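Undergrad: Respectively, the protein sequence lines represent chains A and B. In case it helps, this note's numbering puts the first sequence at residues 8 to 690. In case it helps, this note's numbering puts the second sequence at residues 8 to 690.
Read the hints as simulated data drawn from the structure, not as lab findings. Check the hints yourself; a few may be wrong.
Note: identical chains are not told apart, hence a pair may lie in one copy or across any two.
Cross-link-like lysine-lysine pairs, in silico, DSSO-like; alpha carbons within 30 Å at most [claimed, not checked]:
1) Lys520 with Lys190
2) Lys513 with Lys79
3) Lys520 with Lys615
4) Lys646 with Lys342
5) Lys646 with Lys513
6) Lys615 with Lys513
7) Lys520 with Lys79
Predicted model, so just to flag it, every value in this text is computed and none were measured.
Listed below, chain by chain, are the residues.
There are 2 protein chains.
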Amino acid sequence: MTGTVPPSVDPAELRDVMDGRWASVRRDARENLDDPDFLPVYGETMQEARERVTRAATTLAGSGRVGFGFPKEFGGEADSGASVTSVEMLAFVDLSLMVKAGVQWGLFGGALELLGTSRHHERYLRDVMSFDLPGCFAMTETGHGSDVQQLRTTCTYDPATETFDLHTPHQAARKDYIGNAAKDGRMAVVFAQLITRGTNHGVHAWLVPIRNDDGTPCAGVTIGDDGPKAGLPGVDNGRLSFDHVSVPRAMLLDRYGQVAADGTYTSSIANETRRFFTMLGTLVRGRVSVGGAASSATKLALDIAVRYGDVRRQFAAPGEDREIVVNDYLVHQRKLLPALAKTYALHFAQGHLVETMHDVQTAVHVHGQEVDEDAQRELESRAAALKVAQTAHATATIQMCREACGGAGYLQENRLPHLKADTDVFTTFEGDNTVLLQLVAKGLLTGYRDTFGSLDGWGRVGFVADMVRETVLERTAARALIARLVDAVPGRDDEVPMLDRGWQLKMFEFREKHCLEGAIRRLRNNSATEGMAPFDVFNDVQDHVLKTAQTHIDRVVLEAFVAAVDRTEDPAARALLDRVCDLYALSTIEADKAWFLEHTQLTASRAKLLTATVNQLLRELRPHAVTLVDGFAIPPSWKAARILEEEPGRQEAMAARDAELRARNGQATPDGTATALEVPPAQ
Amino acid sequence: MTGTVPPSVDPAELRDVMDGRWASVRRDARENLDDPDFLPVYGETMQEARERVTRAATTLAGSGRVGFGFPKEFGGEADSGASVTSVEMLAFVDLSLMVKAGVQWGLFGGALELLGTSRHHERYLRDVMSFDLPGCFAMTETGHGSDVQQLRTTCTYDPATETFDLHTPHQAARKDYIGNAAKDGRMAVVFAQLITRGTNHGVHAWLVPIRNDDGTPCAGVTIGDDGPKAGLPGVDNGRLSFDHVSVPRAMLLDRYGQVAADGTYTSSIANETRRFFTMLGTLVRGRVSVGGAASSATKLALDIAVRYGDVRRQFAAPGEDREIVVNDYLVHQRKLLPALAKTYALHFAQGHLVETMHDVQTAVHVHGQEVDEDAQRELESRAAALKVAQTAHATATIQMCREACGGAGYLQENRLPHLKADTDVFTTFEGDNTVLLQLVAKGLLTGYRDTFGSLDGWGRVGFVADMVRETVLERTAARALIARLVDAVPGRDDEVPMLDRGWQLKMFEFREKHCLEGAIRRLRNNSATEGMAPFDVFNDVQDHVLKTAQTHIDRVVLEAFVAAVDRTEDPAARALLDRVCDLYALSTIEADKAWFLEHTQLTASRAKLLTATVNQLLRELRPHAVTLVDGFAIPPSWKAARILEEEPGRQEAMAARDAELRARNGQATPDGTATALEVPPAQ
């Protein structure tokens with residue numbers, strides 16, 4: 008849309024567009040986050056990693072960078088967006104430290120702040136912030152990960168002693184995968200079924216001491232160690248079981264539900280399910296942080312792979328006195344560049360999400376306004392959507408980058424193994440991605456109006472059909488701009504140039520609406536089918552429903568990217584981002600080409616043109632690949648990848664190799680270029 | 008084709024079909040491969056892992072199970088197929104041990120045997136087999152992984168001293184990622200450019216001592232350590248550099264090229280490139296072994312994920328007093344079952360490959376027949392193809408299984424992290440998969456007739472167009488059976504039932520032929536384009552060329568599966584395998600649905616029917632999921648996964664949970680089923 012890309016684009020301009028509203032937090036981190044304990048140490052044992060990361064967390068607490076999210080009266084900044092941005096930056100440095108910090112100040116501290124009341128804040132919050140009180144967020148049980156409303160741990164009130172009895176009824180009910188539990192945690196926010204006067208009021212949270220001052224477990228508490236994991240060696244995940252542990256009444260985090268001395272239960276929210284999800288909803292920041300951290304790791308992996316591919320030679324060019332660097336191969340470009348484009352797209356979508364989250368949370372927690380339920384549900388759905396997109400993209404992209412670096416990518420000294428192993432759990436923690444996709448789908452299907460509807464309600468979805476168009480179109484960034492672009496699409500769809508942004512947007516919108524309408528129709532038909540079990544009504548179309556969520560995510564992300572291009576002022580940077588946006592849009596359509604063909608949005612010849620257009624974009628963007636990773640502005644000292652270090656004599660060695668090649672080509676040697684299509688075993 | 012699947016199928020029948028020609032080797036391993044050092048130890052340090060695996064390799068040598076591939080006069084069995092089968096079995100136990108064994112007896116021992124002559128055999132082979140002489144296969148250089156014909160290490164003959172001078176000219180020429188180098192290796196087979204009388208005769212191999220008896224490096228040899236890797240902690244990969252190391256003339260492995268005392272070079276193969284690839288071709292067993300080992304790891308991962316998914320409960324079924332196990336979800340089935348089907352398909356393709364390899368190698372190395380060049384090239388291409396298919400499938404499937412097991416899948420105690428990390432390098436070692444795909448494509452494009460043609464030759468591909476049909480159709484397992492099935496397809500393609508095996512085969516064949524013809528046409532057009540650089544002639548269509556190779560692999564695999572179903576005698580097992588074969592065929596077509604739509608092999612309505620048919624197959628196969636992993640016949644003692652252990656009181660706990668659920672549903676609690684579409688944060 009904005010013309011050709013000039014040969015040279017200033018990466019600082021890209022960085023400035025990407026830095027966005029919390030640019031100062033990013034700058035501060037780049038300049039000052041440099042403690043030697045912060046970087047991963049390759050080959051350290053699990054014990055060494057845990058000790059280093061505990062030290063690093065203490066250092067981090069002392070730096071004042073953990074308080075962004077906490078209330079000002081406790082020395083925080085009450086700046087939710089800064090808090091998430093800070094986690095994103097920490098994720099570049101060491102993911103164990105990022106997760107440890109997330110557990111301490113996000114989950115444990117966040118629950119204490121948001122589910123507790125002033126007496127909890129006054130007594131504990133300063134020690135939480137200083138890391139003098141390391142804590143856990145003990146929700147997940149071995150037998151219940153995703154369905155936490157069905158947790159089996161019970162906490163039963165006894166008016167005679169004015170205490171709760173916290174109990175783990177069987178092994179599947181033990182708390183599992185709990186960060187900070189195996190080594191450091193002194194207290195835990197424990198989630199359990201609140202039972203008083205013989206009635207279960209659903210899941211609530213208590214602040215429970217788990218270790219004595221000497222480090223031994225408190226009476227009745229059994230602490231286990233999850234032991235070594237695929238990654239995150241510095242995070243001490245463990246297991247907690249409670250054998251009738253006595254918990255004082257005051258330790259109930261009672262913002263949303265209170266138990267009087269005599270055992271009377273009160274709450275401002277009558278419906279138990281609604282209350283529970285309101286409590287959970289306050290903790291949305293954790294999910295936003297995990298998505299952002301996944302993107303940081305993805306950027307670093309791409310930074311390494313793109314730079315390596317720009318100097319790594321593989322085969323000699325036929326008939327030429329040079330070897331080709333791997334970034335020059337079309338298939339290598341097909342691996343790296345669409346992933347790079349999607350990383351930019353997700354960055355801008357994350358930026359938009361963080362702004363939304365900040366505004367919603369600031370209204371409630373800083374300005375004391377009433378919760379806007381629609382806005383809150385919308386935020387939770389968007390957070391789930393982007394967590395899924397960013398973590399799935401991280402898993403796929405970091406894997407691809409590892410492979411793109413060959414044997415070098417398999418060595419820990421080149422960072423990629425740590426990035427892969429550490430982020431691997433992101434797709435299944437803070438909400439399993441498949442389950443989160445269902446959450447997103449539910450939001451779409453009900454338009455947030457039937458917020459707490461049951462699964463049975465899927466059988467009664469007829470009424471939502473009318474809102475499909477409205478709900479799909481009302482929720483987006485930069486609506487006016489998008490509408491203008493879509494309306495400007497000239498002529499018939501199958502004649503429009505593929506680089507027309509309006510056409511791209513139309514394709515994304517059409518697919519989402521069509522999927523959603525189809526899902527609703529199929530659910531309605533199933534529910535009208537006699538004898539079909541309620542589970543099967545839904546399960547029969549689960550793949551369709553999840554695809555609908557995925558198409559929604561794709562559109563939200565594209566719209567965020569379009570808005571970002573629009574606000575880019577530097578003409579060169581804008582032209583480049585515009586092309587990158589084209590690549591994101593067209594490679595996303597290409598990846599789901601079957602759907603567009605099946606639904607007559609692409610003819611066969613246009614489908615072939617699509618592939619050719621993507622290849623053309625790759626050729627155009629290839630010279631800018633390094634500029635695009637420069638735009639991530641990752642400080643070299645954070646990368647800790649040996650292959651990025653200029654080896655002494657490297658240039659001389661390259662020159663020597665070229666000279667040898669010339670000599671060999673000049674000799675009466677056999678045709679060396681045959682090797683471009685041959686390959687030996689390698690070990 | 009063979010009717011409905013009975014409710015119960017005996018997994019022993021599946022096992023017997025899968026065990027194939029080397030069933031006795033598999034049985035022996037299952038019964039006797041049980042040394043405590045063989046299993047991975049979770050949380051061990053790299054040093055501990057290396058020491059354990061060295062011990063285990065010694066134990067393995069003592070067991071007599073490493074000699075299958077060696078000549079009978081040295082105590083081996085001259086049984087190439089048994090050798091690969093034995094590696095496949097070892098891969099279930101510990102992949103570090105499998106790779107260590109592969110380096111010692113496959114690469115090092117194999118090169119010594121196949122590139123050396125009797126004086127090398129007599130002097131060293133017994134010590135190699137007993138592990139008294141640990142050795143390395145030093146081919147790959149830091150700067151040259153894939154293009155080993157361009158290795159920079161030189162070995163220059165001096166008639167005055169009758170020695171070679173082995174030299175590493177610069178750092179990019181050091182040998183890298185070399186197994187056995189960092190700790191154990193005493194000698195190495197080193198690949199270098201052979202120069203004598205001022206002429207470079209291309210890459211040859213020498214047997215070179217690298218460590219003295221006291222473990223110190225030999226004079227002039229610098230040994231480095233690659234340090235910790237993503238996985239394979241028990242393999243001591245390292246780096247070797249040579250500073251003008253003197254190597255006696257007799258240490259040249261001289262089966263394919265000899266240097267006389269006066270420096271005269273002789274060889275039975277005049278063309279240097281052809282000689283080099285003949286030498287490499289003898290080492291094809293390594294690539295076949297890696298593919299087979301990848302499949303073993305895949306089977307184990309699926310075994311764990313399928314069994315876990317059969318007991319893991321997630322949400323309550325709406326309106327029912329039970330929780331659904333995750334294997335009951337359509338989307339979970341969509342993850343596990345097509346991967347399971349493809350694993351069966353690849354198993355049978357690997358079985359066919361191993362038989363072919365065995366027959367080709369036995370003819371030459373045991374019966375002393377002339378090399379059948381066509382058969383050898385065909386074998387190398389097939390080995391490359393299946394290595395790509397099996398290792399890519401392993402990477403994707405083990406990742407999926409990890410995620411399917413949620414947090415439990417992230418704990419080392421549940422084995423999946425080791426399987427993922429250890430196999431990760433398989434896609435890029437023993438030939439990078441992208442480069443191997445090019446090798447496969449070259450075979451298809453030239454019909455093996457222009458075996459050593461250069462890349463420039465791509466411009467002269469016109470002559471091969473005529474052979475496309477012939478070469479595509481002539482190379483396959485069970486040709487007569489396949490032809491009969493294809494010929495029997497009734498009526499028009501768009502009316503044939505999708506479970507018709509002939510139709511499935513036709514679709515695979517059509518796609519391969521069409522891709523191949525298109526690639527040839529585009530290459531021809533490019534080469535006729537004036538001013539197009541030779542590199543661009545090829546690079547412009549690289550994606551198309553690699554896709555062609557992929558479609559070829561898919562067909563070869565399907566045909567092997569079809570042949571295996573055909574030879575299954577037990578009717579129940581046959582009916583089940585037939586359905587699994589349908590799922591492999593249709594999910595493969597579904598994954599590339601865009602292509603079939605674009606090329607009018609599927610109408611839009613048939614494309615939708617395809618998805619519905621795959622879903623129907625999933626429903627049919629779901630009750631047999633555990634039977635299908637039982638068919639892999641992996642001994643429980645090899646699995647080393649805590650989640651597969653029956654926990655004490657598990658059944659009681661499940662019953663208790665169901666009772667609680669009933670009680671809650673009976674209570675006046677809110678609608679708990681809403682949670683099926685909600686999800687909390689989890690940490």
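Undergrad: If the cut is 30 Å between Cα atoms, do Lys615 and Lys513 qualify within a copy, between copies, both or neither?
TA: both (19 Å within a copy, 23 Å between copies)
Undergrad: Since the copies are identical, ignore which copy is meant and state whether Lys520 and Lys615 lie within 30 Å (CA to CA) inside a copy, between copies, both or neither.
TA: both (25 Å within a copy, 18 Å between copies)
Undergrad: Using 30 Å as the alpha carbon limit, work out where Lys520 and Lys190 are close: within a copy, between copies, both or neither.
TA: neither (50 Å within a copy, 61 Å between copies)
Undergrad: Regarding Lys513 and Lys79, is the shortest C-alpha distance of 30 Å or less found within a copy, between copies, in both, or in neither?
TA: Classified as neither: same-chain Cα gap 45 Å, cross-chain 70 Å, threshold 30 Å.
Undergrad: For Lys646 and Lys513, with the copy left unspecified, which applies at a CA distance of at most 30 Å: within, between, both, or neither?
TA: neither (39 Å within a copy, 50 Å between copies)
Undergrad: Checking Lys520 and Lys79: alpha-carbon separation at most 30 Å within a copy, between copies, both or neither?
TA: neither (44 Å within a copy, 69 Å between copies)
Undergrad: At most 30 Å between C-alpha atoms: does Lys646 with Lys342 qualify within a copy, between copies, both, or neither?
TA: within (21 Å within a copy, 34 Å between copies)
Checked against the numbered hints given earlier, the structure breaks hints 1, 2, 5, 7 and satisfies all the rest.
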